[in-house]
Amino acid sequence: MRSARAGQIITALAAAGVLAFALLGDDEYTQHLLMWTALNAVLAVGLRFMLLVGETNIGTGAFYGMGAYVGAICTTKWGVPFPLALLAGGVLAVVISTGFGLVTLRTKGPYFMLISFAFTEVVRLIYTRVDWLGGNSGIIGIFPPQVLDPWMSVLTVVLCGGLILMMYLCEQSNLGKVFRAIQNNDAVVETVGIDVVRIKLVCLVIASFSVGIAGSLHAHIYNVISPGDFSYLVPVFALAYIKIGGDANVMGAVIGATLLTVLAQMLQGMGSMEHILFGGAIVASMLVLPDGLLGGAGRLLRLFSRART
Amino acid sequence: MTAPLLIAQAISRRFGGILAVNDFSFEIFPGDVMGLIGPNGAGKSTTFNVISGFYKPTTGKLIFLGEDITGLSAAAISRRGLVRTFQHGSLLREMTVHDNILIGALRAVRDNAGREKRVRETAELLGLGGLLHAIAGSLPHGLQRMLSIAIAFAARPKLLCLDEPLTGLNSTEAAAALDVIGRIRGEYETTILLVDHNMRAVMRICDRIAVLNYGQKLAEGTPEEIRNNPDVIRAYLGDGE
Chain A
0 MRSARAGQII TALAAAGVLA FALLGDDEYT QHLLMWTALN AVLAVGLRFM
50 LLVGETNIGT GAFYGMGAYV GAICTTKWGV PFPLALLAGG VLAVVISTGF
100 GLVTLRTKGP YFMLISFAFT EVVRLIYTRV DWLGGNSGII GIFPPQVLDP
150 WMSVLTVVLC GGLILMMYLC EQSNLGKVFR AIQNNDAVVE TVGIDVVRIK
200 LVCLVIASFS VGIAGSLHAH IYNVISPGDF SYLVPVFALA YIKIGGDANV
250 MGAVIGATLL TVLAQMLQGM GSMEHILFGG AIVASMLVLP DGLLGGAGRL
300 LRLFSRART
Chain B
0 MTAPLLIAQA ISRRFGGILA VNDFSFEIFP GDVMGLIGPN GAGKSTTFNV
50 ISGFYKPTTG KLIFLGEDIT GLSAAAISRR GLVRTFQHGS LLREMTVHDN
100 ILIGALRAVR DNAGREKRVR ETAELLGLGG LLHAIAGSLP HGLQRMLSIA
150 IAFAARPKLL CLDEPLTGLN STEAAAALDV IGRIRGEYET TILLVDHNMR
200 AVMRICDRIA VLNYGQKLAE GTPEEIRNNP DVIRAYLGDG E
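Protein chains in written order, with numbering that gives the first Met the number 0: chain A, 0 to 308; chain B, 0 to 240.
It cannot be assumed that every hint is accurate.
Unchecked claim - Facing chain B, a subset of chain A residues (Cβ under 10 Å, in silico):
#1 Q171
#2 N173
#3 N183
#4 V191
#5 R197
To be verified - Covered by chain A, according to a simulated footprint, are these stretches of chain B (three or more residues, beta-carbon under 8 Å):
#6 62 to 74
#7 150 to 161
Read the hints as simulated data drawn from the structure, not as lab findings. Quantities reported herein were computed from a predicted structural model and do not represent experimental measurements. Even for Gly, the Cβ is constructed at its ideal location relative to N, Cα and C.
If we strip away everything but chain A, and leave its shape as in the complex, we get (with noise of 0.2 Å):
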């Protein structure tokens, strides 16, 4: 109980930390790297958030293209306004969900993880086809308005923090319970009386959500997405994130996405090499921190507090 009072309050501190590094830094590059660092953790917490389920939605991949994509027509095509146009990606994100989730969420395991695949990518190659959405080399030129430049930085993490914060919620409430009540043993909650798709379906769309209105944000953050920005692998990035900041605590996917894209762009003029390290990182992280930094983190404070009483 304690322990998770402090965290809270450590949570809470850093949070306000990153805010005010994010209002008074005037160095272009930092911020920049801290709103690629705040989608990357939406991705991870939103890609955690059905893993409580059991479920590896590779379709995280799909919905955060969705939302980058109509945020970006919505803003160059029909100059939607900005906070719709943000607004406008998760919706779709939602609807898009709930289709697929209807008809996928009765597979489960490796089935579901195929099929999120061959729908992540099924989407990318409709990208590359279609004339209207830029085929192969995408949108250009998605700006957001610019009185809001001096303020972008504050704006993603805002809304970042608040994305994570609505899911963080959400698992802390009954329904969170059901999810990991799924995750553990889906009959016996069908047993109960609980549609177990429903709930799956429910978990989905919510996750769907944050990574839509995330992937509109990345489309004006980065101001040009091609098709190729939203394949398999930025799940499976998202996957190293959890994995590594440690999969039992939302904030151990938030560390986790900090760590890497930090890392990420301290190696990006090593060319292939970026990879090869990437790979590296997730096998040793594995094989000394199963249970990730976060987790690892906790059994040391552990070890000390035991060796002092």
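Following the hints, position chain B against chain A.
Coordinates of chain B only, in the frame set by chain A:
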């Protein structure tokens, strides 16, 4: 005469070329403890799965509280008041005892205070009162069995179907389990359908017993009638040839 709680009309279930349950009819009356027995592979578990909606019957009809429930999902049947347990103890292993029972009560009780009360009351009844914060998977086997009954009973079903609740329990644990089943029936007026291999226990607590053999009903009656039924004795002990 009161109307039956559950009527199974000539249910059959086929798996490919195997007829696991064949033309099986029975009725369960409110307040009774009904036993379902039979040798291994007789179709008891399949019958359970059909009644609880995990399998659809190939043919036949199920009527619960006057309503045709044939083909409804397991969750929908459960919401109508027919809840089952599983043979191998069905738990949410990584969750606490409290949360296990809470999941059982979630649909049946709508407010959080009521849910807490339900969880505590159910835990006390099943001898889990002091273990609410223990992780389910770490409980000893006997208590895991009790917890699986607690999850099912937290919804206060009208018909509680127990799939081998006594298997693997030592004699002390089995006696405690029988005592609990008696209280669930007596204090809460719950009707019970039970499958088990512990013949002495089944004979003791059941009001009526149906015997399955090779998927077909061999006999039905009071424990006394079943005990003296020559067909049943032959099915269990062989005919001496």
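Taking the hints in turn, this is what the structure says about them:
no.: 1; hint: Q171; result: violated, 12 Å
no.: 2; hint: N173; result: holds, 6 Å
no.: 3; hint: N183; result: holds, 4 Å
no.: 4; hint: V191; result: holds, 5 Å
no.: 5; hint: R197; result: holds, 9 Å
no.: 6; hint: 62 to 74; result: holds (count 3)
no.: 7; hint: 150 to 161; result: holds (count 4)
Consistency with the previously given hints fails for number 1 only.
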